[in-house]
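If you read the sequences in order, they're chains H and C. With the numbering used here applied, the first sequence covers 1 to 133. With the numbering used here applied, the second sequence covers 1 to 67.
Just so you know, the hints here were simulated from the structure itself, not pulled from any lab data. Possibly wrong hints are sitting among the right ones.
Stated by the list, open to error - Only pairs whose alpha carbons sit at most 20 Å apart, straight line, appear in this in silico SDA-like list of lysine to any residue:
1) LYS62/H - GLY24/C
2) LYS37/C - LYS2/H
3) LYS2/H - LYS47/C
Unchecked claim - From the structure, some residues in chain C lie toward chain H, with a derived Cβ separation under 10 Å:
4) TYR8
5) ALA10
6) GLN21
7) GLY24
8) VAL25
9) ALA32
10) GLY36
11) TYR38
Unchecked claim - If you want a taste of the chain H side facing chain C, the calculated C-beta under 8 Å gives, among others:
12) ARG59
13) THR60
14) GLU89
What you are looking at is a predicted structure, and each value in this text was computed from that prediction instead of being measured. Note that beta-carbon positions come from the ideal geometry of N, C-alpha and C, so glycine has one too.
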Amino acid sequence: MKRVMYYFYIAIVAFIEVLVFAWSVEAGEPMPTIIAVVIGIAMLYIGRSYVDEVTGDERTQKINEITALRTLQITWVVLFLYALWVILEAFSMGINHYNRVIGAYGFRMMFFLCCIILVYVILSLYYNKKYGA
Amino acid sequence: MKNRIRMYRAMHEVTQETLAQDLGVTRQTILAIEKGKYDPSLFLAYKIAKYFNLSIDEVFLLDSLDD
């Protein structure tokens, strides 16, 4: 399959996903959308293996690595600042008038941020070990 | 790092597209290497040199160790 055909294939899959999503909203059934997204991702991966042309190489891999790292770094900072701002909002009426709903939202975000950092550290240790450290 | 890929490509009458296909990389990668915007891995550098039946130092030129 040519690369252009693959892009066409992606468009068709995306269109079907939108249709399933619309039907899900109409029917009030969230499950079909979740299943459709999983199947859609699998179809894209399978479809990509049929592309004859070279779609990626060491340069694109390097670009992906740098892009992913920068995205992660920016996400950490933005998410941390936002979570901090939300937590401070919960205390905006004073320490005795702590807003539990807003506070819980902020602390949940902080927790997810810590999870992301933890996953990063674990993967970093794993790959360090794998590549000779 | 500078290189003579464009020159050897012209000598062998090979297009960027053909070279990329034969080396299993994208045409954009060949273009980036020729322009000096991307330094290939040692493996790809070997493949490029071997493609033209040359050694790496005949294709790639190191200006300084700070490169």
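* To do: With a cut-off of 20 Å on the C-alpha distance, tell me whether LYS2/H and LYS47/C pass.
  => Status violated; Cα separation ~25 Å.
Exercise for review: Tell me if VAL25/C is really an interface residue toward chain H, meaning its C-beta lies closer than 10 Å to one of theirs.
Suggested key: OK, holds: VAL25/C within 10 Å of chain H, min 4 Å.
Can the restraint linking LYS62/H and GLY24/C be considered satisfied, given a maximum Cα separation of 20 Å? holds, 16 Å
- Message: So, as I understand it, the hint says GLY36/C touches chain H; can you test that by seeing if any CB pair is closer than 10 Å?
- Response: violated, 13 Å
Is the shortest C-beta separation between THR60/H and chain C less than 8 Å? holds, 7 Å
Report task. Answer holds if the nearest beta-carbon of chain C is closer than 8 Å to that of ARG59/H; otherwise answer violated. Result -> At about 4 Å, which falls below the 8 Å cut-off, the nearest Cβ of chain C leaves the hint on ARG59/H intact, so it holds.
Worksheet entry | Hinted contact ALA32/C with chain H - closest CB pair below 10 Å | This hint holds: ALA32/C lies near chain H, its Cβ roughly 6 Å from the closest one there, short of 10 Å.
Using 10 Å as the Cβ threshold, decide whether GLN21/C counts as touching chain H.
Constraint on GLN21/C satisfied, holds at 7 Å.
| chain C contact restraint on GLU89/H - CB to CB distance below 8 Å | violated, 46 Å
Hey, does the TYR38/C contact hint survive, CB to chain H under 10 Å?
-> Check passed: Cβ of TYR38/C comes within 5 Å of chain H, closer than 10 Å.
Status of the ALA10/C interface restraint (C-beta, 10 Å, chain H)
violated, 22 Å
Worksheet item: Holds or violated: LYS37/C with LYS2/H, Cα cutoff 20 Å?
Response: violated, 28 Å
Going down the numbered hints, you'll see the structure goes against 2, 3, 4, 5, 10 and 14, while the others check out.
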